[in-house]
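Undergrad: Work the whole structure out from these sequences, hints included.
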Amino acid sequence: MNVLEVTDLRKHFPIRRGFLRRIVGHVRAVDGVTFHIRKGETLALVGESGCGKTTVSRCILRALAPTAGAIRLSIDGSVVDLATLSKRELKRYRRHMQMVFQDPFSSLNPRMGIADIIGEPLLVNGMRSADERRKRVGELLDMVQLPRAYRSRFPHAFSGGQRQRIGIARALALNPSLIVADEPVSALDVSVQAQILNLMLDLQDRLGLTYLFVAHDLSVVKHISDRVAVMYVGRIVEIASTQSLYERPKHPYTEALLSAVPKADPRIRADRVILEREVADPANPPPGCYFHPRCRYAQERCRVEAPQMEEVEPNRWVSCHRAREISLRGVQ
Amino acid sequence: MPPTPTVENITAAKVNNAPILSVRGLKTYFHLSEGLVRAVDGVSFDVRPGRTLGLVGESGCGKSVTARSILGIVDPPGRIEAGEIWLYGATENPTAAPTNLAALPPRSAQMRAIRGKEIALIFQEPMSSFSHYYTVGNQIMEAIQEHSNATRKQAHARAIALLHTVGVPQPERRVDEYPFQLSGGLRQRVMIAMALACDPRILIADEPTTALDVTTQAQILDLLRSLQEQRGLALILITHDMGVIAEMADDVVVMYLGRAVEKGPVDDIFHAPRHPYTQALLRSIPSILAAPRTKLATLGGSIPHPFNRPAGCPFHPRCPEFIAALCDNAVPPVLTEADGREVSCFLHGGRP
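So the sequence lines, in the order shown, correspond to chains X and R. Residues 1 to 332 (my numbering) make up the first sequence, in order. Residues 1 to 352 (my numbering) make up the second sequence, in order.
If you are wondering where the hints come from, they were derived from the structure by calculation, not from laboratory data. Only a predicted model underlies this, so the values are computations on that prediction, with no experimental measurement involved. Each hint should be verified, as a subset may be incorrect.
Sample of chain R residues facing chain X (criterion: CB under 7 angstroms; computed from the structure) [as the list claims (entries may be wrong)]:
1. S128
2. M242
3. V244
4. E247
5. D250
6. S287
Built from N, CA and C at the ideal position, the CB exists for glycine as well.
TA: Next comes the structure, spelled out in C-alpha cells:
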C-alpha cells in the first residue's frame, strides 16, 4: 500500500523586478516530480543544495502551496489530495504527517519544558486530560530512549543528539502516517549521528513508520533508506532501490555523485568522476537535459530534447536518453 | 589570455623529510568568567613540505584553535599558555634560525610578515571571511601588496594569474566581481587564490569543503592536491570528515577535547587504530560502502561541555575500555611506540 503518492508536483517561485514588482520569470524549484512511498519504507530524497529536495518536502507538508500536481496521502483507508485542500480543510489532516527538523537547536522552543514540547501536539489535537498526556509523553520518552525524569527540563539542558530525540518524540506523538525528516542528522557530530540513525531504524521496525528522508549525505542515506530518489535542478533523475542505485547507477549524475563521496578508507583513493562547471540555474535552465552541460556522456540529442522518466528495469526509473546504452560505475 | 602566471614557473620545493613546522606541547586556554576552557591541551606534531597532515576530530576538539594558535590569531580571551611552535627557515633565507611562533607577540611585525607570506589559511565559510564591499580582485591584491612592493597594476595582473591557477573561469571578468556574485565553489577557489597570493610554504585549510556540496568538494580537494604537487606545499587539513582525511592526508592527528589521542600514518590510523576513541569513531561513521539499512556501532554519550571536562583521560566517560580508578584519575601520557606511532591511552602503557 502506498502511503504517499506524489504526481507531477511543481513549485515555481516568481521573480519580481522593478517598481511595479512585475513578474519577470520563475525559479522552477520543483519541476514535475513523481514518486510514491509504500507503508513502512524509507524513501530518501537526495541531491545537492538548490536541487529542490527541501521544497518537495515542504510542499508535501503544505508549508508551501504547490503550483501544480497532486499529493495523495492515504489515511486510514481513504485518500486525500493535500495539494488542493484549503488551509482550513488541511487542519484535519496535518496530524497524519509530521516533521523532524534539521537543526535541533532552533526547532525546540527554549521557553517550554520537554513534557510541554512533546505534549503540545496531543493537546492541540484534543487530548485534554493532563494525566493521559503525561502517560503518553512518558511512553514517547521511553521510545526515544530518554529517561522519563528529564520531562521537566528545558531544551538548553540537552546535547544536540538528545534534542534530536526530543524532536523525534514530538513527531511520533500522534502516530503519523508519514514522517518527513529533512536532514535530521546533518547538524550532529559523527559519533552522535550513528545513535540517531539507529534510533530511526529501530522505531521504524517497531512501529511500522514511513519516512521521507531528505538528505545530501549519500553515506547516511545508504544506512537508512529502502529506496532512493536523486534530484537535479528540480527534477528526479533516477529512482531505484538503495542497493541497485549504489551498485549500478543508471544516470550519469548519480554516478558522479557517488564517485564524489570521499570513502573512509585510504586504500581506495578512487579515480573519481569530477564534474566540470556548476549546477544549472533553475530560473534559466539549459535546453534539453538539464544535466547535459556537465555530462560526459552527452550527445547531440541531449542538448535539444529533454529526457522523460522511463522504467528501464522493474522498479528502476531513469530520466536519461542513454540509460540503456551506457554502463556506469557505482560503489560496492 | 592572462599573462603567464609567475607562480607556475616556480619549481616545486624539494620534498625532503625535514619538518618545516614543529608544534610541541601546545596549550591554548580561554579564560572565561564561567571558567577555564582548555581548548588545546598539549598537542605536538610536525608538518613536512609536500605532505598533508590531517587534524581530525569532532566539535570542540580544538582542531581550529590549534590552527589559529599557529597563526597567532586566537580570539581573546584565548591565549597560548605553553608550548612551542617552531617555524624552520624562511622563504628568502632557507638557512635562517628557526622561529618560535608561540613566543612572538601576535601583533608584532615579525608575526605579520609570517602570516600570509609563510603560512596561509583557508577558512571554512568563504562568504563570511570575505569583505562584501570589495571586489575579490581587490582583496587578493591587498594580500599581494601587503607582502611585496608590487604596484597596483602588477598586483592586478597577478590576481588574475592566481584566479587562473585555481581554475576560476574567465578570471579577467571575475576579478572585478564581488563575493556575493560567486557560487560557493568559486568563492572557495578565490579563497585559495588569496591564500596562495604570497607563495606560502604552509597552507592551513580549516574545513575547506564543509560548506560545499560533494561534487564541488571533489573539485576543491582535487585542486588542493594538484597545487600541493606543483608547489611542494605543506598542507594542514582540518576536518571532521574521516572520508576527506582518508582521501587527502599522509599523516593524521586524531583529537578529542583538546588532546591528540593518536597520531600516525593515514593507513595505520584507518586499518589499525590503537586508541579506543579512534576505533569507536571509525566504527560509527556511516559508510557509502555499507550494506543498505545496516545499523552502525555507536559511541555512547556525547561530547562533554567544555566547562565539564572530565577528570583524567577526557574520553573515559564514553570509553568502552574504561579502567576504573585509573582512567578517571590520571591523564594518560603520549607514548611513542616502537613503530613511531603515538597514542595516549593507558591500554598501551604509561600507567602510574
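Undergrad: Could you work out which of the previously given hints the structure breaks and list their numbers from low to high?
TA: 1 and 5
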